[in-house]
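Trainee: The chain contents come next:
2 protein chains.
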Amino acid sequence: MDRFEHLYSEMAKRVKPSDVREILKMMQDPEIISFAGGMPNPDTFPIDAIKEIANRVLEDDPVVTLQYGTTEGYNPLRETIAEYMSSQQVECDIDNVLIMSGATQAIALAAELLVERGKTVLTESPSFLASLICFRNYGAEIIGLTMDDDGVQVDMFEEKLKALRKQGIHPPLFYTIPNFQNPTGVTLSEKRRRRIIDLANEFDFLVFEDDPYGNLRFEGEHIPPIKSFDDSGRVIYASSFSKILSPGLRLGWTVADIELSRKLALLKQTSDVSANVFSQRIANEYMRGGYFDRQLPIIKEIYARKQRRMLSALENYFPKTSRWTRPKGGMFIWVELQKSIDTKQMFPKAIEKKVAYVQGSCFFPDGSGRNTMRLNFTHPADEKIDQGIKRLAELIELEMKSASA
Amino acid sequence: MDRFEHLYSEMAKRVKPSDVREILKMMQDPEIISFAGGMPNPDTFPIDAIKEIANRVLEDDPVVTLQYGTTEGYNPLRETIAEYMSSQQVECDIDNVLIMSGATQAIALAAELLVERGKTVLTESPSFLASLICFRNYGAEIIGLTMDDDGVQVDMFEEKLKALRKQGIHPPLFYTIPNFQNPTGVTLSEKRRRRIIDLANEFDFLVFEDDPYGNLRFEGEHIPPIKSFDDSGRVIYASSFSKILSPGLRLGWTVADIELSRKLALLKQTSDVSANVFSQRIANEYMRGGYFDRQLPIIKEIYARKQRRMLSALENYFPKTSRWTRPKGGMFIWVELQKSIDTKQMFPKAIEKKVAYVQGSCFFPDGSGRNTMRLNFTHPADEKIDQGIKRLAELIELEMKSASA
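Just so you know, the sequences run in chain order A and B.
If you're matching positions, the first sequence starts at 0 in numbering that gives the first Met the number 0 and goes up one per residue.
If you're matching positions, the second sequence starts at 0 in numbering that gives the first Met the number 0 and goes up one per residue.
Source of the hints: derived by calculation from the structure; they are not laboratory data.
Every value quoted in this text rests on a predicted model; they were computed, and no experiment measured them.
Among the hints, a few may not be true.
Said to hold, decoys possible - Label pairs and their in silico Cβ distance ranges:
1) B:A380 - A:D42: 41 to 51 Å
2) A:P75 - B:D28: 15 to 25 Å
3) A:P347 - B:N74: 19 to 29 Å
4) B:N74 - A:D1: 23 to 33 Å
Said to hold, decoys possible - EDC-like cross-link-like pairs, simulated, lysine to aspartate or glutamate; straight-line CA separation at most 20 Å:
5) A:K383 - A:E4
6) B:K118 - A:E4
7) A:K12 - B:D203
8) B:K118 - A:E9
9) A:K343 - A:E396
10) A:K118 - A:E157
11) A:K12 - B:E258
12) A:K118 - B:D203
13) A:K50 - B:E4
14) B:K50 - A:E157
We put the beta carbon where it would ideally sit given N, CA and C, even for glycine.
With the hints as extra help, turn the sequences into a complete structure.
Mentor: As structure tokens, then:
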């Protein structure tokens with residue numbers, strides 16, 4: 000079918016369009032209430048601040064702003080991030096910080112660093128779809144680890160590592176989203192964070208700590224990043240400006256041991272030279288000028304309100320046989336329906352009813368979780384949340400009836 | 000030395016810092032006159048236009064500007080590029096166009112698409128260092144093809160392909176910079192462009208046409224891109240906004256057959272999701288609003304002036320035993336010194352004399368060309384060009400004397 004298939008690399012041959020993404024792309028009907036995406040709400044964008052800062056950096060220093068930047072990132076921003084991370088209990092300096100063209104790039108470069116055909120990668124099960132796709136593209140076998148309300152179950156994790164060791168399998172990488180996980184909303188406990196470091200040391204693997212949602216906490220106490228317990232430099236920490244500033248600016252960062260940072264920078268160099276310099280300067284002024292400190296509470300208030308609304312709609316409309324998470328932050332609620340419901344099969348009917356979600360099974364490395372779904376509460380308008388959850392509940396009731404008929 | 004080496008992928012193990020890049024990084028002394036980089040001159044940046052446009056897009060449509068964009072690119076910009084390419088004799092529509100986070104990303108994704116260990120890639124010899132590094136990182140064996148004043152020598156190219164075929168070697172990719180090539184400044188003749196398409200069809204390979212300098216022509220007639228002669232969809236054309244707008248905005252594009260574009264988009268998706276949306280809107284308004292048409296002659300005038308200045312300085316100061324190219328555009332002049340001079344060994348002495356260039360040998364896949372150097376004329380200030388060339392000429396005279404002593 001593809002005339003040039005025989006010329007492609009093994010990786011390119013593996014790369015296939017994802018069902019879910021193709022579905023999301025086609026979903027252009029404005030009447031559909033979508034809980035499917037993972038987009039921040041535009042109401043959270045600090046438009047005036049960005050306008051003001053953009054003008055200022057172009058006024059004050061257009062030459063640096065518009066010229067090529069260094070691969071490691073714009074140094075004042077690296078400095079800012081190093082200080083910010085230190086305030087999050089992650090001791091680091093500028094040499095540990097790389098500015099990425101979004102956290103997605105950090106995941107891709109970590110995959111390039113560690114993953115290839117024949118390698119096994121450990122992830123939470125379920126986990127972030129794009130990361131699973133990325134690891135698979137690079138040729139990984141993915142093993143998903145069971146979670147509960149405190150995140151990945153570390154005892155079973157250790158058992159798994161022992162079993163793999165017996166089989167001669169040595170995973171180089173454990174990928175985790177410790178805060179308000181995508182897709183479940185679950186947060187990893189501090190005790191388990193510490194234990195993961197012990198496991199990484201004992202079983203000799205690196206940890207990719209993907210933390211785009213950590214500062215979107217609506218309630219409860221901040222838990223220090225896994226990276227803050229990392230005494231052996233085995234954690235690559237990554238976060239993003241997409242949820243606290245703007246995704247369109249494509250900016251994220253990593254904090255890692257100096258050896259790992261150097262390798263990641265070399266891989267980034269051939270990948271895209273550097274992150275957008277204009278964006279980096281906007282982000283730096285945003286952090287330095289007090290804008291971020293003012294904006295973050297606004298963002299959290301908007302999202303907390305939307306989440307409360309979704310939780311109460313679920314309470315009001317969803318069948319009693321379903322269960323869902325009540326995350327203390329982030330962007331997603333995870334729903335488990337009764338076993339007879341298959342959310343993938345149900346999806347076309349949901350689209351007919353003008354409501355969308357993501358089927359849970361695509362987040363499971365083994366394709367299980369057929370009765371689960373991920374709901375995003377950050378993007379839809381408040382009043383749409385009630386309507387959409389009601390539509391979805393009606394559909395589920397119908398499905399349950401036809402299943403028991 | 001690297002504690003985690005044993006966990007790395009084969010690719011990551013191959014990736015090493017480049018000597019040249021490390022040297023360039025250390026070259027912070029402001030007294031050094033550098034002909035080494037490949038940066039556009041900040042005088043060419045349309046600062047006022049960018050400021051005006053940035054304000055306008057944030058005013059008119061902040062939601063789209065700051066939100067996630069699609070992987071293929073911002074559709075109005077894809078449309079603009081499709082029209083622009085049609086004006087360059089490349090018939091295409093929006094589906095053939097992908098917006099990249101700089102042309103470097105296009106090279107990297109093409110490498111990911113086609114290159115892996117055991118594959119052979121053909122390039123001009125000499126060729127662009129970053130591309131050679133990229134192909135090597137992906138595991139390629141690189142074979143360099145001899146050039147003359149009309150670009151790559153196509154008869155020898157064909158002989159090489161036949162010889163490789165006999166050895167059972169089937170290169171999937173020929174990489175070329177057809178206009179004002181980096182590093183030589185040489186332009187590929189139209190006749191040879193057509194012949195390359197014939198070779199690609201006959202020997203079944205794809206062509207990556209890297210064209211960042213094509214519109215920086217100071218004199219002579221525009222030659223249509225290889226892509227314009229591509230009757231079989233074998234050419235991936237790539238260009239960049241770095242030299243006609245700003246490198247800090249990190250924007251480039253590809254034009255390719257629909258099958259190749261789809262694969263490249265899938266690879267881009269896991270690589271960085273999408274190019275910076277704010278930048279894409281700025282670029283689109285820049286092209287649509289007549290700014291580009293006004294700015295391009297200004298850029299060309301500045302560069303033509305600097306090039307004349309460098310050519311006359313070379314004429315005035317360089318020894319009669321040296322030869323150099325007189326490109327009709329672009330950013331570089333290529334110098335061949337007498338055989339006894341080794342430009343790599345001479346480099347530390349040049350730094351002492353406060354002048355810098357890039358040693359030619361690093362552009363040759365086989366490391367030859369020890370008596371050559373690349374000189375960039377776009378970045379240094381006009382008066383520095385004379386001074387720098389004079390310093391360099393004095394050094395070369397000294398080297399010649401010590402060689403003949």
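Trainee: Each hint: holds or not?
Mentor: These are the hints, each one checked on the structure:
Look at A380 of chain B against D42 of chain A: about 47 Å separates their beta carbons, and that is inside 41 to 51 Å. In this structure, P75 of chain A and D28 of chain B meet the distance hint of 15 to 25 Å, their C-beta atoms being roughly 22 Å apart. Against the hinted window of 19 to 29 Å, the Cβ-Cβ separation of P347 of chain A and N74 of chain B comes to about 27 Å, which satisfies the hint. Look at N74 of chain B against D1 of chain A: about 24 Å separates their beta carbons, and that is inside 23 to 33 Å.
A distance of roughly 45 Å separates the Cα atoms of K383 of chain A and E4 of chain A; the hinted pair therefore is violated under the 20 Å criterion. A threshold of 20 Å between alpha carbons decides the hint, and for K118 of chain B with E4 of chain A the separation of about 15 Å falls inside it, so the pair holds. The straight-line distance between the Cα atoms of K12 of chain A and D203 of chain B is roughly 18 Å, inside the 20 Å bound, and the hint therefore holds. With a C-alpha separation of about 11 Å, the suggested pairing of K118 of chain B with E9 of chain A holds against the 20 Å cut-off.
With a C-alpha separation of about 16 Å, the suggested pairing of K343 of chain A with E396 of chain A holds against the 20 Å cut-off. Proposed proximity of K118 of chain A and E157 of chain A is supported: the alpha carbons are some 18 Å apart, at most 20 Å. Restraint check for K12 of chain A and E258 of chain B: satisfied, since their Cα atoms lie roughly 12 Å apart, inside the 20 Å limit. With a C-alpha separation of about 32 Å, the suggested pair K118 of chain A and D203 of chain B falls outside the 20 Å cut-off, and the hint is violated.
With a CA separation close to 45 Å, the supplied pair K50 of chain A and E4 of chain B exceeds the 20 Å bound. Restraint check for K50 of chain B and E157 of chain A: not satisfied, since their Cα atoms lie roughly 55 Å apart, outside the 20 Å limit.
Checked against the numbered hints given earlier, this structure breaks hints 5, 12, 13, 14; the rest are met.
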